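Build out the structure end to end from the sequences listed, making use of the hints.
Sequences listed follow chains W and C, in order. Once you know that position 82 of the first sequence is 82 in the working numbering, the rest is easy, because the numbers rise by one and skip nothing. Once you know that position 64 of the second sequence is 64 in the working numbering, the rest is easy, because the numbers rise by one and skip nothing.
FYI, nobody ran anything at the bench for these hints, they're computed from the structure. Computed from a predicted structure; not experimentally measured. It is possible that some hints are incorrect.
Some but not every residue of chain C turned toward chain W, in silico, with C-beta under 7 Å [unchecked claim]:
{"no.": "1", "residue": "T82"}
{"no.": "2", "residue": "D127"}
{"no.": "3", "residue": "L142"}
Glycine is no exception: its CB is placed at the ideal position from the N, C-alpha and C atoms.
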Amino acid sequence: MDWQLLSLSFVTVFLAEIGDKSQLAAIALSGSSRSPQAVFLGTVTALVLASFVGVIIGEGVAAFLPAKLLKAGAAIGFALLALGILMNPED
Amino acid sequence: MRCLNWVRLPPCKSQRKVRYTSLEFSPPKPVTVSEPLPNNPDGVDSSSIDTPKRGKSFWATCTSTFLTILLAEMGDKTQLATLLITAESHRPWIVFAGAATALIATSLIGVALGWWLARRVSPKVMDLAAAAMLMTVAVLLLWDIVGM
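Quick look at the structure:
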């Protein structure tokens, strides 16, 4: 087991993600949702899958990722989630 | 009320208005409730009926969170970092193990922070703050697209 490589990737990813967009989204979504467990499960699955894809591409599997299109989709999704919270008639 | 045991729901939310997810059992119906509404055959008190947003079930919340965060992270710097470390080391599983552990840790911190905030801030303020944060995330993503 290459502990140096393991800790390198852990520290790199940890520092890159602390205070990043997805963590901000996780704070907002779990704070306004009834089920933080669901938010945690969704966040972890998405992030682990995204890093898995990164690892696979890094190993040389050719893949085309329209990152701009994906990010635009995510931006619309987050804006819709925000509007959903604001337009909630109760409270 | 039976609920998931591994994370307890924020007390202020359950006190403010009792809501039941699909994973919880409905409480016994109070006998005093006169008659069920026509579109409410179970006779459950209408205050516990799910509203479009808060009433989102466990899996609806999970799926919307999953999809938005997956789209946001694809091609993002974290993914590029794992990609580059793997390309250099050719040890994909060790890199994946390190990255996955880090991501589980950061999401746990994020979700715990949101849960902690929700118990201390009024629901209205929390909702406004959450909406503002999600809008910020949307703007940051658009900013990324412009800078690409």
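Now the hints, each set against the structure:
| no. | hint | verdict |
| --- | --- | --- |
| 1 | T82 | holds (4 Å) |
| 2 | D127 | holds (5 Å) |
| 3 | L142 | holds (5 Å) |
Violated hints: none; the structure is consistent with every hint.
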